[in-house]
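Student: Letter by letter, the chains look like this.
There are 4 protein chains.
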Amino acid sequence: MIPRYSRPDMVAIWEPTTKFRIWYEIEAHACDAMADLGVIPRENAKAVWKAKDVEFDVARIDEIEAETRHDVIAFLTHLAEHVGSDEARFVHQGMTSSDVLDTCFNIQLTRAADILIADMQGLLAALRRRAYEHKNTIRIGRSHGIHAEPTTMGLTFARFYAEMDRNLTRLRTARDEIATGAISGAVGTFANVDPRVEEHVCAQLGLTPEPISTQVIPRDRHAAFFAALGVVASSVENVAIEIRHMQRTEVLEAAEFFSMGQKGSSAMPHKKNPVLTENLTGLARLVRMTVIPAMENVALWHERDISHSSVERNIGPDATITLDFALARLTNVIDKLLVYPENMLANMNRFPGLVMSQRVLLALTQAGVSREDAYRLVQRNALRVWETGCDFRTELLNDAEVTAALSPAEIDEKFDIGYHTKHVDTIFRRVFGES
Amino acid sequence: MIPRYSRPDMVAIWEPTTKFRIWYEIEAHACDAMADLGVIPRENAKAVWKAKDVEFDVARIDEIEAETRHDVIAFLTHLAEHVGSDEARFVHQGMTSSDVLDTCFNIQLTRAADILIADMQGLLAALRRRAYEHKNTIRIGRSHGIHAEPTTMGLTFARFYAEMDRNLTRLRTARDEIATGAISGAVGTFANVDPRVEEHVCAQLGLTPEPISTQVIPRDRHAAFFAALGVVASSVENVAIEIRHMQRTEVLEAAEFFSMGQKGSSAMPHKKNPVLTENLTGLARLVRMTVIPAMENVALWHERDISHSSVERNIGPDATITLDFALARLTNVIDKLLVYPENMLANMNRFPGLVMSQRVLLALTQAGVSREDAYRLVQRNALRVWETGCDFRTELLNDAEVTAALSPAEIDEKFDIGYHTKHVDTIFRRVFGES
Amino acid sequence: MIPRYSRPDMVAIWEPTTKFRIWYEIEAHACDAMADLGVIPRENAKAVWKAKDVEFDVARIDEIEAETRHDVIAFLTHLAEHVGSDEARFVHQGMTSSDVLDTCFNIQLTRAADILIADMQGLLAALRRRAYEHKNTIRIGRSHGIHAEPTTMGLTFARFYAEMDRNLTRLRTARDEIATGAISGAVGTFANVDPRVEEHVCAQLGLTPEPISTQVIPRDRHAAFFAALGVVASSVENVAIEIRHMQRTEVLEAAEFFSMGQKGSSAMPHKKNPVLTENLTGLARLVRMTVIPAMENVALWHERDISHSSVERNIGPDATITLDFALARLTNVIDKLLVYPENMLANMNRFPGLVMSQRVLLALTQAGVSREDAYRLVQRNALRVWETGCDFRTELLNDAEVTAALSPAEIDEKFDIGYHTKHVDTIFRRVFGES
Amino acid sequence: MIPRYSRPDMVAIWEPTTKFRIWYEIEAHACDAMADLGVIPRENAKAVWKAKDVEFDVARIDEIEAETRHDVIAFLTHLAEHVGSDEARFVHQGMTSSDVLDTCFNIQLTRAADILIADMQGLLAALRRRAYEHKNTIRIGRSHGIHAEPTTMGLTFARFYAEMDRNLTRLRTARDEIATGAISGAVGTFANVDPRVEEHVCAQLGLTPEPISTQVIPRDRHAAFFAALGVVASSVENVAIEIRHMQRTEVLEAAEFFSMGQKGSSAMPHKKNPVLTENLTGLARLVRMTVIPAMENVALWHERDISHSSVERNIGPDATITLDFALARLTNVIDKLLVYPENMLANMNRFPGLVMSQRVLLALTQAGVSREDAYRLVQRNALRVWETGCDFRTELLNDAEVTAALSPAEIDEKFDIGYHTKHVDTIFRRVFGES
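Residue numbers (UniProt numbering), protein chains in the order written: chain A, 1 to 435; chain B, 1 to 435; chain C, 1 to 435; chain D, 1 to 435.
You may find that some hints are simply not true.
Copies of the same chain look alike in the list, so a pair counts if it fits in one copy or across any two.
[To be verified] Below 30 Å or equal to it, Euclidean Cα-Cα: the simulated DSSO-like pairs (lysine-lysine) are: (1) K272 - K422; (2) K272 - K135; (3) K422 - K46; (4) K52 - K272; (5) K52 - K422; (6) K50 - K135; (7) K336 - K422; (8) K135 - K336; (9) K50 - K422; (10) K50 - K336; (11) K52 - K135; (12) K272 - K336; (13) K52 - K336; (14) K272 - K50; (15) K46 - K336; (16) K46 - K272.
In case anyone wonders, no lab produced these hints; they're calculated from the structure.
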């Protein structure tokens with residue numbers, strides 16, 4: 001985790017104090033359930049809640065851990081310092097460290113998912129707003145980086161909206177994947193802890209009981225979670241790359257908002273660089289790199305090993321913090337993006353009329369010219385425009401083979417931009433449920 | 001794709017003949033829709049269906065492509081050879097290659113998903129059968145590869161069942177992700193092809209129309225698809241690793257079925273090696289490696305570039321064929337797995353009684369011994385068993401500090417195996433919906 | 001492996017016939033060494049060479065393997081069919097399958113490396129030629145996709161040359177990594193086969209004996225090999241991305257060679273798309289994806305397991321065939337690349353004079369203006385050029401605060417392009433050893 | 001970076017104070033060179049060294065950066081606060097941020113490599129010591145996790161030594177890859193800064209001048225660096241997995257050193273878990289995951305973009321800190337590893353004599369039995385041992401078909417363990433240069 005690429009709410013989820021607080025709640029709720037079942041005395045369960053408002057002392061717990069070399073035991077020892085060692089006697093009874101650690105980790109991931117879901121909703125709102133704002137802003141569509149046919153900037157925003165809307169669904173699915181808890185004791189048989197303890201703790205903490213655990217919660221869930229984050233990050237990169245292209249000097253159809261105090265370059269003061277989206281490109285790689293180790297974590301040995309732990313201590317915070325930051329940064333970029341409609345038009349008309357070549361091709365075939373001949377006719381005139389910058393429509397009007405098939409009026413009609421935008425409403429309706 | 005790790009049904013999906021057949025259906029249905037809309041003559045649409053029973057000549061299409069260097073044009077040229085070049089004049093009108101290629105690729109992936117879903121159902125059936133068969137077969141549970149507490153072999157199968165059942169859901173979600181089609185023309189504006197053509201083609205081919213495409217279908221869908229395959233492959237590895245461990249000479253709790261004709265080793269004829277599950281471990285890596293390139297494919301430039309294509313030509317067939325083979329092989333391994341319950345018991349009793357140490361610990365604390373003291377008492381006796389192989393129960397009965405807290409009868413009771421299996425029914429009910 | 005992305009020489013390395021030929025040579029040389037040591041009769045060793053000119057019958061070997069389910073035994077059985085089963089009695093004596101398989105695989109990788117090294121030399125020659133050709137072709141340098149300061153197209157080629165020259169070194173190191181052989185018998189102790197057999201076989205086949213093997217050759221070697229290929233592929237992507245950028249409609253400083261018969265787009269006949277470099281971008285991903293599984297292969301269990309095998313059967317051919325094709329394709333692209341110097345100049349002058357802003361900044365500070373003030377002065381004028389397209393030099397000459405520090409002549413001097421190219425010779429000397 | 005998996009010397013390399021110190025040295029040396037060339041006044045160059053003993057105020061620099069949003073400018077502003085803003089006027093003249101940032105990053109990576117190289121030397125020393133200690137400690141070799149033939153524990157250590165020795169070479173190569181510096185100014189043309197400045201700075205800081213840079217140092221170097229780390233990490237995993245296997249309850253041929261105060265399990269006090277090597281397995285994944293993003297960083301746009309930066313801010317510290325920790329931990333594990341030779345013997349004799357089956361097979365063929373028959377005879381007796389635990393030698397002596405070919409004395413001779421260790425000296429000589 002790099003502070004400059006992080007936001008406080010997400011960071012807070014991963015603070016030691018948060019972790020210990022969650023551990024505490026798991027233990028305390030478990031004690032309640034055990035008291036309900038008559039396994040431990042009610043007063044001991046009650047006593048645990050004495051620490052309800054305590055902020056646990058991380059340094060003290062670390063100190064104990066340095067001695068015991070076991071984090072959960074260190075915490076329980078510290079808890080006893082608050083609750084009284086006699087009163088705390090039954091805390092964690094029949095449970096294993098994994099019951100606490102895994103349930104806690106899933107709670108942290110679930111909360112992280114909640115933030116990411118909210119981030120995504122914010123991004124969707126920004127994309128939607130900009131889509132409607134530029135619904136009819138004409139822009140050349142490009143394939144292979146080469147001018148193809150006209151489209152609108154609104155459609156660009158709309159397709160990012162649709163992609164991010166799918167990502168919202170994926171994040172929700174990912175949240176469900178890891179919103180489980182397990183209090184199943186050693187090797188997951190519930191021999192030492194009743195399944196109803198797990199049910200109670202999960203109900204209190206908003207989790208589903210893991211149907212079958214093996215001391216640990218199965219890691220295919222986490223693999224699926226991080227895979228979903230990797231997909232979302234790849235979509236962030238997708239939008240970022242689009243903006244970086246748009247901001248290129250030669251294209252300049254859009255630019256990241258540029259505050260006057262900001263220095264673009266220590267050497268070249270005029271430069272306005274798309275540094276935010278370049279940064280997002282890198283952040284996407286960081287999130288994506290966590291997918292494979294999360295998948296490698298699935299195959300634990302027998303009922304559990306601890307190889308996954310160091311991986312998760314790292315990728316748990318790093319992937320969620322980085323993606324949270326990236327989504328917020330992207331939302332901000334979209335929100336304030338400077339859009340230059342005049343440059344869009346100027347770019348489109350760089351090879352005058354050329355973008356209409358497909359329409360002319362169709363018209364020729366519909367007028368009875370063979371596909372092969374039509375292709376040849378269009379290509380012949382198109383290449384001239386490409387090479388000399390002359391006007392495509394004029395060239396066509398001067399090509400006897402073309403005018404033998406199409407009248408001047410028919411040719412003119414092919415250069416109507418409305419032809420290309422006639423289904424924008426339809427597409428908006430598909431994407432936003434309204435046009 | 002390696003022939004030895006492939007099965008014919010999945011391979012068939014990726015044959016050129018299948019691809020051309022799908023291309024044909026897309027074009028033919030599109031012609032129907034265009035005729036319905038009055039865009040092209042009905043008789044031309046009808047004429048296309050003349051090729052309905054044709055198996056397209058791959059060599060001939062390759063020959064044309066060698067000249068035109070464009071696969072879709074090559075196919076259309078060949079189609080015209082069947083249908084008549086005048087009749088075929090309107091085929092593909094207003095469409096782009098991507099309309100055909102992307103819709104086809106998604107159909108192939110959808111069919112591949114259908115096979116994988118069926119594979120998974122087969123695997124689930126095998127796991128379920130073996131789970132019930134060994135529901136009460138006692139086996140030591142292990143954490144860190146070290147004996148922990150007893151469990152049953154049925155629970156091992158049941159947890160793989162639960163994991164694969166989640167994977168079944170993931171495969172279904174993945175199928176939905178890519179079961180879309182797009183006939184939206186150049187840069188996706190529908191300028192040259194009516195949206196109703198897309199709707200008709202998709203309806204005929206069992207797809208959902210892509211709400212907004214940009215000449216290509218957005219690749220976040222494919223990233224999510226391959227990510228799901230990567231998760232499934234990681235679960236395959238998980239089961240494979242378990243079996244490889246069980247088959248180790250020193251453990252030998254299970255073994256892959258071994259046919260007598262098979263030679264385990266050219267040098268050491270007695271060896272029965274877990275080569276199938278070792279192979280599955282490698283196959284899992286092969287499937288998993290496709291996840292990152294699929295994610296790198298998301299960020300295409302503007303309305304499309306073709307960088308994704310070579311990646312997908314490879315990982316499309318490779319990941320699905322390999323995973324299909326892996327799931328089938330794993331099903332077979334599970335189905336025929338030799339299970340050795342006596343060895344399980346022998347292993348568990350290697351350090352006699354030691355696996356009950358947790359119960360004794362609990363009993364001591366419940367009898368009023370402090371947690372710290374109880375831990376010390378148990379550890380003292382446990383280490384002796386570990387080092388000398390003596391009997392844990394006997395050691396406890398001879399330890400005055402222990403017997404001061406627990407009576408012999410109380411100690412004896414802690415060594416009842418039924419204690420560890422008492423919730424197997426509960427867990428089976430959670431996993432299978434019945435016990 | 002996808003036929004369309006492959007070349008015959010590299011494919012041939014991975015053909016079954018090549019593999020069996022190598023197996024044969026390993027076995028035959030091993031017999032010679034064993035005869036030298038008096039371990040087997042000389043006449044039996046000699047008899048093996050009777051098959052010297054045989055092309056082994058792959059179908060027959062497959063047939064035998066179908067029965068024995070062991071590839072090396074199947075081959076040895078087939079070999080005996082040629083040599084005579086009595087004569088062949090001592091073939092493979094004391095050896096294991098891995099002795100043959102691993103040594104063979106390393107020979108294949110070594111040969112593959114030789115081709116890749118030759119490919120790289122071809123690419124270097126092309127880059128060098130184009131570098132000198134365009135040594136002084138002025139072009140705007142860009143950071144963040146934004147115009148920065150002038151450079152030359154020759155420097156662009158030269159930097160790719162330097163990068164690929166490092167890759168040549170990496171390929172040679174990679175070749176050395178895997179040019180080892182092992183004939184060390186079961187678990188690598190040489191108990192059943194004398195180390196001198198290994199030495200002889202390796203000497204005959206151009207390999208170094210593996211200092212210590214464990215039935216298998218250690219897989220860190222292969223991990224390093226595929227990692228090197230991954231780096232090379234990433235450099236291929238680097239060059240490809242540069243060309244894709246240069247070919248963008250708005251930039252058009254270069255273009256892939258376009259043969260007239262080729263159809264760029266089925267719909268838009270005028271388009272010249274950078275499809276080769278887009279393809280290379282995808283191929284780079286395919287090579288790169290093999291790095292992680294090759295690394296996952298390192299941790300085999302004890303003296304060997306077979307999990308690496310299915311991975312290598314796939315990535316061995318796939319990564320080398322794909323990279324060979326990619327390097328050849330890139331060489332061809334570089335060789336024939338259409339370079340448009342006029343467009344380079346036109347692009348550079350899009351914001352007239354602006355690229356000289358850094359020089360003006362320096363001149364102002366050298367004339368005694370504070371850094372902060374100089375920055376402000378330059379930025380003020382630069383932004384006007386950016387926004388209105390006016391001429392930067394004129395703006396400066398009209399800015400009283402600027403002319404207070406610099407005379408008109410001093411300002412003019414800052415717009416000399418030779419200032420930016422004065423060290424091109426120096427850099428060429430560093431890269432090519434001559435200017 | 002996770003504090004618990006880090007060591008102070010490596011962490012110090014990545015501290016902001018270290019970074020600023022390096023930036024300072026780059027700038028100060030550059031001023032010296034510029035003064036030598038007469039480009040800036042000598043007294044200004046001298047003045048910069050006034051800050052020689054200053055520990056830069058990170059908080060103050062952050063404060064300035066918050067305003068300027070540019071890290072290098074913030075540092076230079078702060079430097080001027082120490083040196084005097086008039087004296088500092090020429091600092092950084094003609095340079096770009098990347099000149100400072102990239103040269104600094106490479107210095108940090110070079111220093112990190114130095115630590116990793118020293119770590120590796122420490123690990124090699126430990127492996128060598130343990131190899132000689134257990135040179136003749138007999139142990140069963142295993143393939144596929146199944147007993148194969150005898151080997152020695154010394155050979156196991158020796159093969160890890162050989163692998164890590166190759167890794168030492170790889171680390172040195174990796175160090176050379178990134179021990180370069182660049183002071184080449186905007187877009188790398190040296191237009192604003194003389195190449196001799198770069199030469200001087202590099203000479204002072206122990207770097208090689210980058211032959212050709214493009215404002216940034218080419219990232220293929222960094223890709224190769226992180227790839228090397230990924231290979232080393234995979235070897236760490238390789239050793240870790242071996243130890244985890246050896247410590248399994250059923251195998252117990254070795255164990256991580258276990259201090260008495262350490263609690264293995266909160267629930268099961270007797271357990272000695274291989275938690276260090278499990279942890280190393282996870283850490284290996286963390287290092288390995290940085291390889292792909294480092295490779296994705298290679299293809300920067302034109303003369304530079306900043307997408308690599310966020311990736312490197314993360315993986316630079318994380319990969320080196322984690323690998324440093326892992327190597328140190330592994331060294332400690334090897335150093336203190338508890339080895340149990342009696343258990344090794346007991347395991348080997350689990351199926352009495354079976355591990356000699358290969359020798360018997362050979363003896364039979366050498367006695368004139370056909371390969372097929374010999375295989376059948378050995379397998380027949382071997383399977384009986386496998387299934388009943390009887391003694392292989394006795395079975396052979398009782399098999400008339402066997403004794404028809406081999407005398408009892410000949411059979412007995414095949415069970416001499418010295419046969420398997422006779423080349424240990426040879427192998428040690430190959431690995432360590434002495435036996």
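Student: It remains to establish, for every hint, whether it holds in the given structure.
Tutor: Comparing the hints with the structure gives:
In this homomeric assembly, K272 and K422 come within 30 Å of each other (Cα to Cα) only across copies, at 27 Å, whereas the closest approach inside a single copy is 35 Å. Taking the shortest alpha-carbon separations for K272 and K135, both the intra-copy value of 26 Å and the inter-copy value of 29 Å come in at or below 30 Å. Taking the shortest Cα distances, K422 and K46 sit within 30 Å of each other only across copies (29 Å), while inside one copy they are farther apart (69 Å). In this assembly of identical chains, the alpha carbons of K52 and K272 never lie at most 30 Å apart, being 52 Å within a copy and 35 Å across copies at closest.
For the identical chains of this complex, K52 and K422 are neighbours neither inside a copy (63 Å) nor across copies (34 Å), given an alpha-carbon limit of 30 Å. Taking identical chains as interchangeable, the C-alpha atoms of K50 and K135 are never at most 30 Å apart, the minima being 59 Å within one chain and 43 Å between chains. For the identical chains of this complex, K336 and K422 are intra-copy neighbours only, at 28 Å inside a copy versus 42 Å across copies, given an alpha-carbon limit of 30 Å. For the homomeric pair K135 and K336, the shortest alpha-carbon distance inside one copy (17 Å) is at most 30 Å, but the shortest distance between copies (42 Å) is not.
For the identical chains of this complex, K50 and K422 are neighbours neither inside a copy (68 Å) nor across copies (34 Å), given an alpha-carbon limit of 30 Å. When the C-alpha separation of K50 and K336 is checked against a cutoff of 30 Å, the pair qualifies neither within a copy, at 50 Å, nor between copies, at 44 Å. When the C-alpha separation of K52 and K135 is checked against a cutoff of 30 Å, the pair qualifies neither within a copy, at 54 Å, nor between copies, at 42 Å. For a Cα distance limit of 30 Å, the shortest separation of K272 from K336 inside one copy, 15 Å, qualifies, whereas the shortest one across copies, 34 Å, does not.
Taking the shortest alpha-carbon separations for K52 and K336, neither the intra-copy value of 44 Å nor the inter-copy value of 44 Å comes in at or below 30 Å. For the homomeric pair K272 and K50, neither the shortest alpha-carbon distance inside one copy (58 Å) nor that between copies (35 Å) is at most 30 Å. With identical chains, the CA atoms of K46 and K336 are never at most 30 Å apart, being 53 Å at best within one copy and 46 Å at best between copies. Taking the shortest alpha-carbon separations for K46 and K272, neither the intra-copy value of 62 Å nor the inter-copy value of 35 Å comes in at or below 30 Å.
In the structure shown, a violation is registered for the earlier hints numbered 4, 5, 6, 9, 10, 11, 13, 14, 15, 16, in ascending order.
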